[in-house]
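This note's numbering numbers the first residue of the sequence shown as 1 and each following residue consecutively.
Any given hint could be a false lead.
Claimed, not checked - Between beta-carbon pairs, the in silico distance windows are: (1) Phe69 / Arg3: 23 to 31 Å; (2) Gly125 / Arg35: 17 to 25 Å; (3) Asp62 / Asp130: 14 to 22 Å.
No wet-lab data here; the hints were simulated from the structure.
Ideal placement from N, C-alpha and C gives every residue a C-beta, glycine not left out.
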Amino acid sequence: MARLTDILDDPGLNGVYRLAGPLPELPEVIRLDARHCPDKDGLLEAVGEALRFPDYYGMNWDALEECLFDLSWREGPVLMLVEHADALGQHDLATLVDIWSEAAAAWAEAGRGCVLLLGGGVPPGIPAVDP
Numbered sequence: 001m002a003r004l005t006d007i008l009d010d011p012g013l014n015g016v017y018r019l020a021g022p023l024p025e026l027p028e029v030i031r032l033d034a035r036h037c038p039d040k041d042g043l044l045e046a047v048g049e050a051l052r053f054p055d056y057y058g059m060n061w062d063a064l065e066e067c068l069f070d071l072s073w074r075e076g077p078v079l080m081l082v083e084h085a086d087a088l089g090q091h092d093l094a095t096l097v098d099i100w101s102e103a104a105a106a107w108a109e110a111g112r113g114c115v116l117l118l119g120g121g122v123p124p125g126i127p128a129v130d131p
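Required output: the full structure, derived from the provided sequences and hints.
Now the structure itself:
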């Protein structure tokens with residue numbers, strides 16, 4: 001099981017992880033509570049707000065992908081925690097994971113950290129991280 005400190009120190013470990021325990025308070029963590037995202041539109045709006053996407057963000061899956069691959073308005077690594085990820089619909093969670101994974105891989109090649117952490121009852125196919 002990977003350790004969060006190792007993941008944060010090495011962009012080569014970018015990706016999507018499920019938390020194996022409570023996340024300590026870290027100032028750089030962007031937190032999103034999935035219980036407040038009742039559907040796809042709510043999720044896309046919440047992610048856009050949390051990551052401060054530009055005004056042109058269209059709140060659809062393609063726009064999410066475009067903005068995650070850009071991030072020119074943000075500096076440094078991006079570390080987002082989706083708390084209670086099990087509150088999301090299965091399709092929405094899977095799509096978010098797919099898009100974030102692709103963006104994280106691209107940012108790894110550029111040497112920039114990009115990590116999505118999932119808390120709650122997340123499918124076991126997602127690698128666990130020890131906070």
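Verification of the hints:
no., hint, in the structure
1, Phe69 / Arg3: 23 to 31 Å, "holds (27 Å)"
2, Gly125 / Arg35: 17 to 25 Å, "holds (22 Å)"
3, Asp62 / Asp130: 14 to 22 Å, "violated (34 Å)"
Of the numbered hints listed earlier, the single one contradicted by the structure is hint 3.
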